[in-house]
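Residue numbers (the numbering used here), protein chains in the order written: chain B, 1 to 663; chain P, 1 to 146.
Hints in this document: simulated from the structure, not taken from any laboratory. Note that the structure is predicted; figures quoted are calculated from it, not measured. Cβ atoms here follow ideal geometry from the backbone N, Cα and C, with glycine treated the same way. Hints are supplied without guarantee of correctness; some may be wrong.
Pair ranges (Cβ atoms, derived) [claimed, not checked]: (1) P:R102 to B:D442: 51 to 59 angstroms; (2) P:Q124 to B:G642: 31 to 39 angstroms; (3) B:P350 to P:A116: 50 to 58 angstroms; (4) P:R31 to B:N337: 46 to 54 angstroms; (5) P:A116 to B:G370: 54 to 62 angstroms.
Example chain P residues on the side facing chain B (calculated, C-beta under 10 angstroms, incomplete) [what the hints assert, rightly or not]: (6) E8; (7) N17; (8) A24; (9) T29; (10) N33; (11) M94.
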Amino acid sequence: MQRIGVFVCHCGTNIAATVDVKAVAEALSHEPGVVISQDYQYMCSESGQNLVKDAIKEHKLSGVVICSCSPRMHENTFRKAAASAGLNPYLVEIANIREQCSWIHKDIATATDKAIILGKAAVAKVHLNAPLTAGESPVVKRALVIGGGIAGIQTALDIADAGFDVDIVEKKPTIGGKMAQIDKTFPTLDCSACILTPKMVEASQNEHITIHSYSEVSDVKGFIGNFTVTIKKKARYVDEVKCTGCGACMEKCPMKKVPNEFNEGLNNRTAIYIPFAQAVPKVAAIDPNYCLMLKNGKCGVCSKVCTAGAIDYKQQDKFIEQKYGAIVVATGYNVINLDKYDEFAYNQCPDVVTSLELERLMNAAGPNGGTLLRPSDKTHPHTIVFVQCVGSRCDDEKGKPYCSKICCMYTAKHAMLIREKYPDTEVYVFYIDVRTPGKNFDEFYRRAVEQYNVHYIKGMVGKVTPKADGKIDVQASDLLANEQLHINADMVVLAAAIEPDKSARPLATMLTTQMDTNDFFTEAHPKLRPVESATAGIFLSGACQGPKDIPETVAQASAAAAKAIGLLVKNSITCNPCVAHSDELLCNGCSSCEKVCPYGAITYQDKEFRMPDRTTAIRRVASVNPAVCQGCGACTVACPSGAMDLNGFSNSQIMAEVDAICK
Amino acid sequence: MQVNNNFEPVIVAFCCNWCSYAGADLSGTNRLNYPTNVKIIRVPCSCRVNPMFILRAFQKGADGVIICGCHPGDCHYTSGNYYTRRRITLLYSMLDFLGIERNRTRLEWVSAAEGAKFAATMQQFTEDVRKLGPNRRLEDLRCRKQ
Ligand SMILES: Cc1cc2nc3c(=O)[nH]c(=O)nc-3n(C[C@H](O)[C@H](O)[C@H](O)COP(=O)(O)OP(=O)(O)OC[C@H]3O[C@@H](n4cnc5c(N)ncnc54)[C@H](O)[C@@H]3O)c2cc1C
Ligand code: SF4
Ligand code: SF4
Ligand code: FES
Numbered sequence: 001m002q003r004i005g006v007f008v009c010h011c012g013t014n015i016a017a018t019v020d021v022k023a024v025a026e027a028l029s030h031e032p033g034v035v036i037s038q039d040y041q042y043m044c045s046e047s048g049q050n051l052v053k054d055a056i057k058e059h060k061l062s063g064v065v066i067c068s069c070s071p072r073m074h075e076n077t078f079r080k081a082a083a084s085a086g087l088n089p090y091l092v093e094i095a096n097i098r099e100q101c102s103w104i105h106k107d108i109a110t111a112t113d114k115a116i117i118l119g120k121a122a123v124a125k126v127h128l129n130a131p132l133t134a135g136e137s138p139v140v141k142r143a144l145v146i147g148g149g150i151a152g153i154q155t156a157l158d159i160a161d162a163g164f165d166v167d168i169v170e171k172k173p174t175i176g177g178k179m180a181q182i183d184k185t186f187p188t189l190d191c192s193a194c195i196l197t198p199k200m201v202e203a204s205q206n207e208h209i210t211i212h213s214y215s216e217v218s219d220v221k222g223f224i225g226n227f228t229v230t231i232k233k234k235a236r237y238v239d240e241v242k243c244t245g246c247g248a249c250m251e252k253c254p255m256k257k258v259p260n261e262f263n264e265g266l267n268n269r270t271a272i273y274i275p276f277a278q279a280v281p282k283v284a285a286i287d288p289n290y291c292l293m294l295k296n297g298k299c300g301v302c303s304k305v306c307t308a309g310a311i312d313y314k315q316q317d318k319f320i321e322q323k324y325g326a327i328v329v330a331t332g333y334n335v336i337n338l339d340k341y342d343e344f345a346y347n348q349c350p351d352v353v354t355s356l357e358l359e360r361l362m363n364a365a366g367p368n369g370g371t372l373l374r375p376s377d378k379t380h381p382h383t384i385v386f387v388q389c390v391g392s393r394c395d396d397e398k399g400k401p402y403c404s405k406i407c408c409m410y411t412a413k414h415a416m417l418i419r420e421k422y423p424d425t426e427v428y429v430f431y432i433d434v435r436t437p438g439k440n441f442d443e444f445y446r447r448a449v450e451q452y453n454v455h456y457i458k459g460m461v462g463k464v465t466p467k468a469d470g471k472i473d474v475q476a477s478d479l480l481a482n483e484q485l486h487i488n489a490d491m492v493v494l495a496a497a498i499e500p501d502k503s504a505r506p507l508a509t510m511l512t513t514q515m516d517t518n519d520f521f522t523e524a525h526p527k528l529r530p531v532e533s534a535t536a537g538i539f540l541s542g543a544c545q546g547p548k549d550i551p552e553t554v555a556q557a558s559a560a561a562a563k564a565i566g567l568l569v570k571n572s573i574t575c576n577p578c579v580a581h582s583d584e585l586l587c588n589g590c591s592s593c594e595k596v597c598p599y600g601a602i603t604y605q606d607k608e609f610r611m612p613d614r615t616t617a618i619r620r621v622a623s624v625n626p627a628v629c630q631g632c633g634a635c636t637v638a639c640p641s642g643a644m645d646l647n648g649f650s651n652s653q654i655m656a657e658v659d660a661i662c663k
Numbered sequence: 001m002q003v004n005n006n007f008e009p010v011i012v013a014f015c016c017n018w019c020s021y022a023g024a025d026l027s028g029t030n031r032l033n034y035p036t037n038v039k040i041i042r043v044p045c046s047c048r049v050n051p052m053f054i055l056r057a058f059q060k061g062a063d064g065v066i067i068c069g070c071h072p073g074d075c076h077y078t079s080g081n082y083y084t085r086r087r088i089t090l091l092y093s094m095l096d097f098l099g100i101e102r103n104r105t106r107l108e109w110v111s112a113a114e115g116a117k118f119a120a121t122m123q124q125f126t127e128d129v130r131k132l133g134p135n136r137r138l139e140d141l142r143c144r145k146q
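Isolated chain B (complex conformation) (with noise of 0.2 angstroms):
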């Protein structure tokens, strides 16, 4: 016989103002199996907490019920108090009375009505609850760092100091990611290279990093504190170990015409490559799709000039299986495709750039040493005009609805570095809005205006076109002396939007992790859990989740870091009780349950079973690893047998509490 207690709290005034307190405790006090039904002030107070637990002890509790707030606000502190008075926590159940009825209703005898049926309601589901333990799940003392940016780099260092393992999975031969591409950074104007290289060497060089660039993770099994990650580890026909980066391939390999990435296409590389001077790995790689000996097997002076050997045009793909603890996704973010902006001429124009070719452009290690150059002719630009946020703020198809929120600042940047080398071109700026909130930025972007006479011009850039002298027409509207200009420019750069890597949404849906409509990754909550994702045990890391410049990226990076070593310092974690359970009687082994878990919770096992006529048959039943299932209870509801159940809120619980409400 159970034996249940019901506490019926006022809440100062916020639940007895509307609801008659004792009338729902005297009305509770006759339902079926209630020993004790009390009400009280303030029941999450202490006094009102020992008053619970008092009770259990003196009335022997089989089960609690709590008329008060949310079980959003107080579950966990009134399940901790059934605890240590000795009755399981699983045992307790809350009746929202204060968010879902006092607070909404006014008039005192019906909202005490509801109350009343509230209150039922969590009477009758208490009597099915079990009591439930938490299982424990061991924790593997490694993590995965996916994206080998600045956001990476710093998320696996700092993990690293803390003395944990630490995998850097890099898609493309180097890490670095874009701000290796950059030239120099704002708001102190550094040159980027000086500060990201030696930190990527500090990664390569740290004994508890790893790093498996040329890479992709192609699997994701398990669960928090127990990942299993399949990484593919790309063909790049170098032996990583020998190849010692001397570069004398590059010089001999005849097929000179592969548009170099790094240098955003502005010039060409080598079929065998060596991304960058610094990069690291330095190893280079053989670009199947441009090889002569990869693709009609002529060729093969790259093995001839190598003296290590480390050519080996057989390799193939490469799967390794790896265990981690907690994975961090540092993806970041790539300039959008221009192809649908037309008006801006950016495909029919070389000189019609986006801002990142600008930085290669302007780079000492980019095509023309660090000489800003036309693409075209290689002449000097005397004028330049700059269009902001092209594919940002956008509210039709084209672009992004979003602000790129790094543009206003770069841009600035260029404007004041180009001023300063080239005090004789003359540089615009056409903008929506200049949007420069940060520490010393809006001090930076004044600089650009008032120190350095960049003409900034609120107005919209309505078409680009390339004349027949080489000049490029820009017509634009200047909205604030409300006039249409027209600019004989020798460049265009373009503020183009950023967006999530292509390979964000496959990677998201592996991970089980949620993205945005712009296929931003999700943070758990927006303000107070900004680095974690909603499934737990997968952290966020960078631009991958938003954009950002490169001082927020660090700061996010270091936070998502201090996570992972939360989690990775725990050597077992408590897993939620709540999860969902087959009975193996019932269960006939339909699969139809497999299929809908989003966390691929659920196997089937072959068991014996004896027959009513004392044979035995083998059957094959569902089985759910408590640890994977996150308790949604998708699969209960699929059971076409019914075998499926969801301990806390089972199938019977619920059938209660719609009889309770409808009686």
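Since the structure of chain B is provided, determine the placement of chain P with the ligands on it from the hints.
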């Protein structure tokens, strides 16, 4: 037909823990009123709602059942609400077949931030069900309150 002016519909609302239950709490926090007819049952995800629960509610005398979940794409368990949507669509055909007005069942997406939407939805649903009158078809008269 006799019209009962004092008809107070019994409405069962299934709310997923992560979005809609939180949305309901928010309408409470913001003191946004909706009728006392609505009684909420908390489920982990809208996909936990077995169509059997809905039929059971109708059988036990509910006049309306509303299922609330996170917006498509926002389900805490990524895809639960897509299952819910498919199941409820199927349930509609079954309700048609049983002769229960399909307007007695509703599926709504309410996020944790949409306290106002929650209250407005409950107001509207209660009114709609009130207009439909008591649910007689599937009520098990043996379950009826004396
Ligand atoms: C033109 C321009 C100028 C800028 N100037 C500045 C500046 O002056 N100051 C400043 O603070 N910020 C600047 N920024 C912003 C800066 O580039 C970013 O803040 C920073 O690069 C974000 O770092 P990240 O590591 O998150 O992303 P990324 O740098 O994009 O790195 C992501 C890495 O992950 C890898 N990756 C992606 N997908 C996968 C996958 N599926 N598997 C494995 N690896 C993957 C990528 O190859 C890449 O190496 C500028 C940006 C642009 C476009
Ligand atoms: S950062 Fe500036 S240029 Fe970039 S989208 Fe936002 S407002 Fe436009
Ligand atoms: S409750 Fe959800 S997570 Fe758990 S086994 Fe069922 S479908 Fe999978
Ligand atoms: S958690 Fe809200 S619908 Fe799945």
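How the hints compare with the structure:
no., hint, in the structure
1, P:R102 to B:D442: 51 to 59 angstroms, "57 angstroms, holds"
2, P:Q124 to B:G642: 31 to 39 angstroms, "35 angstroms, holds"
3, B:P350 to P:A116: 50 to 58 angstroms, "53 angstroms, holds"
4, P:R31 to B:N337: 46 to 54 angstroms, "49 angstroms, holds"
5, P:A116 to B:G370: 54 to 62 angstroms, "57 angstroms, holds"
6, E8, "9 angstroms, holds"
7, N17, "8 angstroms, holds"
8, A24, "6 angstroms, holds"
9, T29, "6 angstroms, holds"
10, N33, "5 angstroms, holds"
11, M94, "14 angstroms, violated"
When each numbered hint is compared with the structure, a violation occurs for hint 11 only.
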